[in-house]
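Trainee: If you want the building blocks of each chain, they are given just below.
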Amino acid sequence: MRHAQSFDEFYRSTARRMMRYGYAVSGDHTEAQDLVQEAFARAWRQWGRLSEHPAPEAWLRLVVSRLANDRWRHLHRWRVMASRSGPPPTAPPPSENGVLLVHALRQLPATQRQALALHYLFDMPIEEIAREAGVPLGTVKSWLSRGRSRLAVLLPDVHIDELEANDVS
Amino acid sequence: MSAELSDLYRSLTVVADGVEIAHPELVRRHADRRARVQVAGSAVAVAVLLGGVAAGGRLAFSADGSAPLPPPAGTPASPPPTGSALPPSPSPSAPPSASTASPTPSRATPSGTRSPEPTGAVTAPPPTSIPDRAFFVLAAANRTGLESTAAGPVLPALCGARYPSESAVVQRRARSLAYKRPETRVGSVPDGSYRHSITIYRPGRADDALRELRQAVRACPEQRMPDDTRTWRQRLLDPGAYGDESVLFELRAPYPQGMGDPGADEVRLVRAVRVDDVVTVLWEQGWEYTAAERAQVDADSRRAVAAIEKWLG
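Protein sequence lines correspond, in order, to chains A and B.
Heads up: the first sequence begins at 1 in the UniProt record's numbering, then just goes up one per residue.
Heads up: the second sequence begins at 1 in the UniProt record's numbering, then just goes up one per residue.
Just chain B, same shape as in the assembly:
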């Protein structure tokens, strides 16, 4: 081998070593932020969950019946409704793992090369609490003034699936809210409702939540719900481009006797979206067996994701 050429390459490494290396946390933050911006450019959305449970009874009119929905309170604490899963998350619980914060640089590198010298980087700490502004506001034409912070699950039941990532929840807040179609008069019966939740996970654990949700759907193609004689079928759908990653699935069952169009299925959609270490879920639950409209769900999903992104900066 040419020693001279090897010498030139050694000189090249000296030149290259003069280039500053960014701090790894800065690289991670940059990557996550850029991904969110890219998605926002094409129409981002929040997690939407559609369940098979009519939600009218769990909502209450606000004082004036038309004002923008108030921010949700903390995690609810009452028993979950039929056909739902994931008990209310705890209030602010364990803080983010200290092991993920600014680890000591490792100097052990193979081939005798030295570790890069990280340059200073100022990054925002991961969120530990969910402010009111993290929750989206419905478009004016969709507002009903109905919102509740009553306790309840944030995902539908999936054959009793359990989610180990729940142990990594830092904080969760959830609400239920009803919406109407633009053509529906104010004060009329709503056209649908959402169960909307926002959950902060410990750094790096939010994608576990989505992975576990996908697995739960795959593992539960059919199920019976308590107090429901129908068989529900579940399947994953193309999630679309929402946040850093997302999960979309449907729950489908024939309408009960006398409900819906003859031969039609009652379909609920659930979409969960991860944005950094935050997962937001929008579960469209209908209103007295109304059918969910994908366009409405998508539009509100975009609003929900936009609110999360604005909050996270």
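For reference, chain A alone in the conformation it holds in the complex:
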């Protein structure tokens, strides 16, 4: 049974977090709105079963991640084309750290963005990220390490600690 009330409650309790996650992995407001709405639409389509899922929010994040990756690939091709003939991208306002971060995240592979978002937005330990992504612990550690190293290069004015063993284990 698709119970509208339980879906609405789930939506209200998770949509904001999902929007943050969508923004972190897609790097664009409009993209994030589309991704999140699409993910929730898919959730509603199978809410009868999903409502009994042990971790529906994790399922939702997975959908957002996959949708983001798909769109990211399309966008990447478009950006490559634009870089050949179009104007340079507009520099973000330096005072908006969130916007700075998003612009830097756009230079990272999707898997690294996803791992960083789960770690910093959801305070997820490595083990949980690995479970959600369906990859070994070492892979997640590698994503986080490389992601932060890359961000340190992209955000030279921001101090980013070197990855430490106890940071992600």
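Be aware that a few hints might be false.
As the list claims (entries may be wrong) - Covered by chain A, according to a simulated footprint, are these stretches of chain B (three or more residues, beta-carbon under 8 Å):
id : segment
1  : 21–33
2  : 203–209
To be verified - Footprint (simulated), chain B over chain A, 3 or more residues, beta carbon under 8 Å:
id : segment
3  : 4–12
4  : 17–24
5  : 41–55
6  : 107–114
If you're looking for bench data, these hints aren't it; they were derived computationally from the structure.
Even glycine gets a Cβ: it sits at the ideal position worked out from N, Cα and C.
Following the hints, position chain B against chain A.
Mentor: What follows is chain B alone, placed relative to chain A:
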């Protein structure tokens, strides 16, 4: 962990929180509507139910014998025919549950995050009554002018299965109508007949009806019908892409002595399709042991679904 990077992510959440979140009901409506459009693009169909009962006796010619079929009346009230199930549904009954309408936003969220602030959304209320226009009209070449709103079941019997979702019926209307093949002359004996019903369920309960129907078919691989010495076999078929979801099954039994081709089976098909909180069923019942034609059923199913979708908007 890098505190600076954590600060950046906190800033990111501030930016993300500036994005408006749609009202959940709007998301649901959008999802349901888009699903219907996608299906319509590939050829939607209504629920078709094929039963093993010849239906000629339950139909009557309309006044002119060829005019488009009139809209059905409300739920019939006479005893169900042999081999059928699901008694006529009640007339407009209990209104949709108030618990499903615009629940109060929950503010309890884990991890200290706040609930989204729903923005305003204007959505159509769920239907509570079935208008005449919700019923499809046969293609001109298939019309016989035969239609009846006499009482009768809307599904064939399935080992006495009962459907708890019947308690969630808001309204049901049903009719029987005969059709002919295009090559059959007007006024000739029809080539088949349908039992066609439309049922509104309380919000979120229509998929229960389809789930229960699937279970009933699975639980009833064989059965005997009253006044019929044959053994009927039932099985689910690939439902195809109809509405938001659909169920298709067949009932099969050897033709009675002297009927049909030697060694052939009499086959009836039943398809039920959900569109939002509405389930429409088309039950092809044949006409004096005629064989159902899938193409005809599919075509009329598409018409039936299209009428439902047009009604629901």
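Trainee: Next, verify each hint and record whether it holds.
Mentor: Now the hints, each set against the structure:
1. With a threshold of 8 Å between beta carbons, the proposed coverage of the segment 21–33 of chain B by chain A holds, since 9 of its residues qualify and at least three are required.
2. Against chain A, the segment 203–209 of chain B contributes 5 residues with a C-beta closer than 8 Å to a partner C-beta. That satisfies the three-residue criterion, and the hint holds.
3. Note: the segment 4–12 of chain A has 7 residues with beta-carbon separation from chain B under 8 Å; the three-residue rule is met and the coverage holds.
4. Counting residues of the segment 17–24 of chain A whose beta carbon lies closer than 8 Å to any beta carbon of chain B gives 6, which reaches the threshold of three, so the coverage claim holds.
5. With 5 residues having a Cβ less than 8 Å from any Cβ of chain B, the segment 41–55 of chain A passes the three-residue criterion, so the hint holds.
6. Look at the segment 107–114 of chain A against chain B: 0 of its residues bring a Cβ nearer than 8 Å to a Cβ of that chain, fewer than three, so the hint is violated.
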